[in-house]
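2 protein chains.
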Amino acid sequence: MASLLEGQARPIRLADIAKAAGVSHGTASNVFSRPEIVRAEVRERVKAVAEQMGYAGPDPKGRLLRAGKVNAIGVATTEPLSYFFDDPFARVMMAGISEACDATGAGIALVSAANQEKLAWNIQSALVDGFILFCIEGGSRLVDLTRERRLPFVALELGFQDETVSAIGVDNVAGARLAARHLAELGHRRFAVLSLGFADNRTGFVTPEVVRSAVYTGTRDRLAGYFEELSGFGIDTAKIPVYETENEEKSTRAGLEAIFARADPPTAILAMSDRMALIAIDWLRARGLAVPGDVSIVGFDGVPDGALSTPPLTTIAQPITEIGRRAARMILDHDGAVRRETMGVEFVVRGSTGPAPKA
Amino acid sequence: MASLLEGQARPIRLADIAKAAGVSHGTASNVFSRPEIVRAEVRERVKAVAEQMGYAGPDPKGRLLRAGKVNAIGVATTEPLSYFFDDPFARVMMAGISEACDATGAGIALVSAANQEKLAWNIQSALVDGFILFCIEGGSRLVDLTRERRLPFVALELGFQDETVSAIGVDNVAGARLAARHLAELGHRRFAVLSLGFADNRTGFVTPEVVRSAVYTGTRDRLAGYFEELSGFGIDTAKIPVYETENEEKSTRAGLEAIFARADPPTAILAMSDRMALIAIDWLRARGLAVPGDVSIVGFDGVPDGALSTPPLTTIAQPITEIGRRAARMILDHDGAVRRETMGVEFVVRGSTGPAPKA
DNA sequence: CCTATTTTTTGAATCGATCCAAGTCATCCG
DNA sequence: CGGATGACTTGGATCGATTCAAAAAATAGG
Numbered sequence: 013m014a015s016l017l018e019g020q021a022r023p024i025r026l027a028d029i030a031k032a033a034g035v036s037h038g039t040a041s042n043v044f045s046r047p048e049i050v051r052a053e054v055r056e057r058v059k060a061v062a063e064q065m066g067y068a069g070p071d072p073k074g075r076l077l078r079a080g081k082v083n084a085i086g087v088a089t090t091e092p093l094s095y096f097f098d099d100p101f102a103r104v105m106m107a108g109i110s111e112a113c114d115a116t117g118a119g120i121a122l123v124s125a126a127n128q129e130k131l132a133w134n135i136q137s138a139l140v141d142g143f144i145l146f147c148i149e150g151g152s153r154l155v156d157l158t159r160e161r162r163l164p165f166v167a168l169e170l171g172f173q174d175e176t177v178s179a180i181g182v183d184n185v186a187g188a189r190l191a192a193r194h195l196a197e198l199g200h201r202r203f204a205v206l207s208l209g210f211a212d213n214r215t216g217f218v219t220p221e222v223v224r225s226a227v228y229t230g231t232r233d234r235l236a237g238y239f240e241e242l243s244g245f246g247i248d249t250a251k252i253p254v255y256e257t258e259n260e261e262k263s264t265r266a267g268l269e270a271i272f273a274r275a276d277p278p279t280a281i282l283a284m285s286d287r288m289a290l291i292a293i294d295w296l297r298a299r300g301l302a303v304p305g306d307v308s309i310v311g312f313d314g315v316p317d318g319a320l321s322t323p324p325l326t327t328i329a330q331p332i333t334e335i336g337r338r339a340a341r342m343i344l345d346h347d348g349a350v351r352r353e354t355m356g357v358e359f360v361v362r363g364s365t366g367p368a369p370k371a
Numbered sequence: 013m014a015s016l017l018e019g020q021a022r023p024i025r026l027a028d029i030a031k032a033a034g035v036s037h038g039t040a041s042n043v044f045s046r047p048e049i050v051r052a053e054v055r056e057r058v059k060a061v062a063e064q065m066g067y068a069g070p071d072p073k074g075r076l077l078r079a080g081k082v083n084a085i086g087v088a089t090t091e092p093l094s095y096f097f098d099d100p101f102a103r104v105m106m107a108g109i110s111e112a113c114d115a116t117g118a119g120i121a122l123v124s125a126a127n128q129e130k131l132a133w134n135i136q137s138a139l140v141d142g143f144i145l146f147c148i149e150g151g152s153r154l155v156d157l158t159r160e161r162r163l164p165f166v167a168l169e170l171g172f173q174d175e176t177v178s179a180i181g182v183d184n185v186a187g188a189r190l191a192a193r194h195l196a197e198l199g200h201r202r203f204a205v206l207s208l209g210f211a212d213n214r215t216g217f218v219t220p221e222v223v224r225s226a227v228y229t230g231t232r233d234r235l236a237g238y239f240e241e242l243s244g245f246g247i248d249t250a251k252i253p254v255y256e257t258e259n260e261e262k263s264t265r266a267g268l269e270a271i272f273a274r275a276d277p278p279t280a281i282l283a284m285s286d287r288m289a290l291i292a293i294d295w296l297r298a299r300g301l302a303v304p305g306d307v308s309i310v311g312f313d314g315v316p317d318g319a320l321s322t323p324p325l326t327t328i329a330q331p332i333t334e335i336g337r338r339a340a341r342m343i344l345d346h347d348g349a350v351r352r353e354t355m356g357v358e359f360v361v362r363g364s365t366g367p368a369p370k371a
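Chain order of the listed sequences is F and A.
The first sequence begins at 13 in my numbering and counts up one residue at a time.
The second sequence begins at 13 in my numbering and counts up one residue at a time.
The set of hints was computed from the structure by calculation and includes no laboratory data.
As the structure is a computational prediction, the values presented were derived from the model and not from experiment.
Hints are not guaranteed to be accurate.
One copy or two, it doesn't matter: identical chains are merged, so the pair holds either way.
Below, computed lysine to any residue pairings styled on SDA-like, alpha-carbon distance capped at 25 Å [unchecked claim]:
1. K251 with L190
2. K59 with A132
3. K31 with E160
4. K262 with N213
5. K251 with T215
6. K73 with R153
7. K130 with E56
8. K59 with E160
9. K251 with L198
10. K130 with E48
11. K81 with W133
12. K262 with E111
13. K73 with V155
14. K73 with N42
15. K59 with R153
16. K130 with R78
17. K81 with G69
18. K73 with N127
19. K59 with A27
20. K262 with P316
21. K73 with E160
22. K130 with R75
23. K251 with R265
When you get a sec, could you build the whole thing from the sequences and use the hints?
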């Protein structure tokens, strides 16, 4: 019966080598995984047989089951896979993760969960020892799904409150205050905020109601930081237009249109991401408004592109690489504990902010 | 004895669920993998037990062994992992690979082989269905190692000749000719070439001897393309300085120093990579030489940064994304055949080239 | 040459699932 | 009521390795 299948090129297994070399599979295994405990003569014979039969070496699939450890960490997001290579924030983060993985020889498995069903499947079937989650959007779904794998995981940019998951974030309130203070000290009094989401699938001007029922506390905290600081300068924050975007071109431009269509347009824009800030710079300049001459802008994140724009972007920089490194290490030397780390931010003054224009 | 270990939290297996629910492991398996063939009542009972016992779902490690397919493709290079996120060429390539993987729901495993021993191990133990190799450097070692896995693989940027491996490349000769012709037609007569490697670990001016014994035929072809075309314009190619770099900042700058230290410095530089071309632009401008006023430069590759430099770079663009897509598809629908594809290049005129300065 | 050690080798057990041929059971039909 | 049909279930085999206690072989010591 087996003879009928001959020539079917069934891959050679370790057991085949063992049989051909006349040793037990235990010994054959040792030849590859612990050669030093096998008598030299036997070792060479087995190796020769393996070579001659075209054995590819112990199949990691088999080894894995026994070993239990994959030696790779999964990085997941709800964006398409290309997000990891396109998005500047993600790239810097990945560089940090890469560094930690390189240091220990671990691999990186990229997992995308762009559409609902596949998301679940990809997370469920990823061969990894743990996950790093980019919770840029639809984060709660991602967290829930990952939790079911019962593997260690760390959430990054986790927008919402959930004390049961390990996470690394930044001090949003402090960062936002820094940004607001800078602009206020430059004399600005008319502000607008380009905001990240307070809940999924919403864009447009934000009402106090929306803020109160925010799902994403990260967004809420940044806004709170802005407002606290501005209030300290005697500015009526209730009058500040806050436009919620999806952190991409279209909704951000829509937000700018809406903001500048109002009476009394702002001289200063607080953007909750560098992405939006950079889009804003383009939009304003295309509209003939000088940055920072007519309008000043402060971003948030500290992506490298911000240094290259014209004018270069003043921003609140997260220690992105360091966050990536720590996240990877958290998975790599996981000890079962839930850890939450809040990193400090750094205020980077570049060229997109200047004194408020004389009224 | 087992009781001594109780509380050790050994992860729950499918078999445990089966036993607890009073069904066979076969049925328990079906509950998760083919729920429709299990009677509703039984299915719910098993699911309830699983839920209650905190079962994480079928472990992919176990499933993998039986299924045989990982559903992930490995991307390997001899650079550190961060290369994939830092290098513009790699990033565009990865975007193409990502696209193809997203379309079929496959994952991407990044494998780095920065140091000798780990290289071997990482390649040997990567859980993937096939490899895409970035042969930017030390490519032959990478190819040899990968061949031993006996998994499908495609080599990208394979510098050397080896008809036994699947590879996707570009028409180097044609691309180089385009670049050379453009400059010659602009009236340039004094050239220099910033060259990629002809063999490993060499930098410096290249002799005909080096070219003749080239390991990297890609480099040789590009040079041949330049020379063929320039000869057609009656230029004595034997007098053209060709400086071999390691395609990074240091050796490229060294090359420029050496080239411009010679009598009769060039008015046109043919760079075999955009990377070198961009470094050259910086170097020249820092030196007070106008680009393209005093010196014109043509790159090779077509990385997106080239469009953003000052002046923007004239270059020979490879269809990088498309190469990535094809490479991924080659692995994804692998049929056992060795395939070699040569893609066309596109000539992109931007601002780094202009008429030769009046003598 | 025999016993005590030490070095190697063996082969069963395990890792965690899926697959499938064979078996069970209830239902339907003539 | 016997047999055919259909719907689930069962449990052994398998995927490809590693591990480890015990057996076997080699070596040392007396």
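Here is how each hint holds up against the structure:
1. In this assembly of identical chains, the alpha carbons of K251 and L190 lie at most 25 Å apart only when taken from the same copy (20 Å versus 60 Å across copies).
2. Taking identical chains as interchangeable, the C-alpha atoms of K59 and A132 lie at most 25 Å apart only when they sit on different chains, with a minimum of 17 Å there against 43 Å within one chain.
3. Taking CA atoms no more than 25 Å apart as the test, K31 paired with E160 passes between copies only; the shortest distance there is 21 Å, against 42 Å inside one copy.
4. Taking CA atoms no more than 25 Å apart as the test, K262 paired with N213 passes inside one copy only; the shortest distance there is 14 Å, against 48 Å between copies.
5. In the homo-oligomer, the alpha carbons of K251 and T215 lie at most 25 Å apart inside one protomer (19 Å), although the nearest pairing across protomers, at 64 Å, exceeds that limit.
6. Taking the shortest alpha-carbon separations for K73 and R153, only the inter-copy value of 24 Å comes in at or below 25 Å, while the best intra-copy value is 30 Å.
7. Within a single copy, K130 and E56 get their C-alpha atoms only as close as 47 Å, which misses the 25 Å cut-off; across copies the closest is 23 Å, which meets it.
8. Proximity of K59 and E160 under a CA criterion of 25 Å is satisfied inter-copy only: 14 Å between copies versus 43 Å inside one chain copy.
9. When the C-alpha separation of K251 and L198 is checked against a cutoff of 25 Å, the pair qualifies only within one copy, where the shortest distance is 19 Å, while the shortest distance between copies is 60 Å.
10. Within a single copy, K130 and E48 get their C-alpha atoms only as close as 45 Å, which misses the 25 Å cut-off; across copies the closest is 19 Å, which meets it.
11. For the homomeric pair K81 and W133, the shortest alpha-carbon distances inside one copy (20 Å) and between copies (15 Å) are both at most 25 Å.
12. In this assembly of identical chains, K262 and E111 lie within 25 Å of each other by CA distance solely across copies; the values are 22 Å between and 34 Å within a copy.
13. Taking the shortest Cα distances, K73 and V155 sit within 25 Å of each other only across copies (21 Å), while inside one copy they are farther apart (28 Å).
14. In this assembly of identical chains, the alpha carbons of K73 and N42 lie at most 25 Å apart whether taken from the same copy (17 Å) or from different copies (22 Å).
15. For the homomeric pair K59 and R153, the shortest alpha-carbon distance between copies (21 Å) is at most 25 Å, but the shortest distance inside one copy (50 Å) is not.
16. Only between protomers do K130 and R78 lie at most 25 Å apart by alpha-carbon distance; the minimum there is 21 Å, versus 28 Å within a single protomer.
17. With identical chains, the CA atoms of K81 and G69 are at most 25 Å apart both within one copy (19 Å) and between copies (17 Å).
18. Taking CA atoms no more than 25 Å apart as the test, K73 paired with N127 passes between copies only; the shortest distance there is 24 Å, against 28 Å inside one copy.
19. In this homomeric assembly, K59 and A27 come within 25 Å of each other (Cα to Cα) only inside a single copy, at 13 Å, whereas the closest approach across copies is 37 Å.
20. Both within a single protomer and between protomers do K262 and P316 lie at most 25 Å apart by alpha-carbon distance, with minima of 22 Å and 22 Å respectively.
21. Within a single copy, K73 and E160 get their C-alpha atoms as close as 23 Å, and across copies as close as 16 Å, so both meet the 25 Å cut-off.
22. Taking CA atoms no more than 25 Å apart as the test, K130 paired with R75 passes between copies only; the shortest distance there is 17 Å, against 27 Å inside one copy.
23. Only within a single protomer do K251 and R265 lie at most 25 Å apart by alpha-carbon distance; the minimum there is 21 Å, versus 55 Å between protomers.
Violated hints for the displayed structure: none, as all numbered hints are satisfied.
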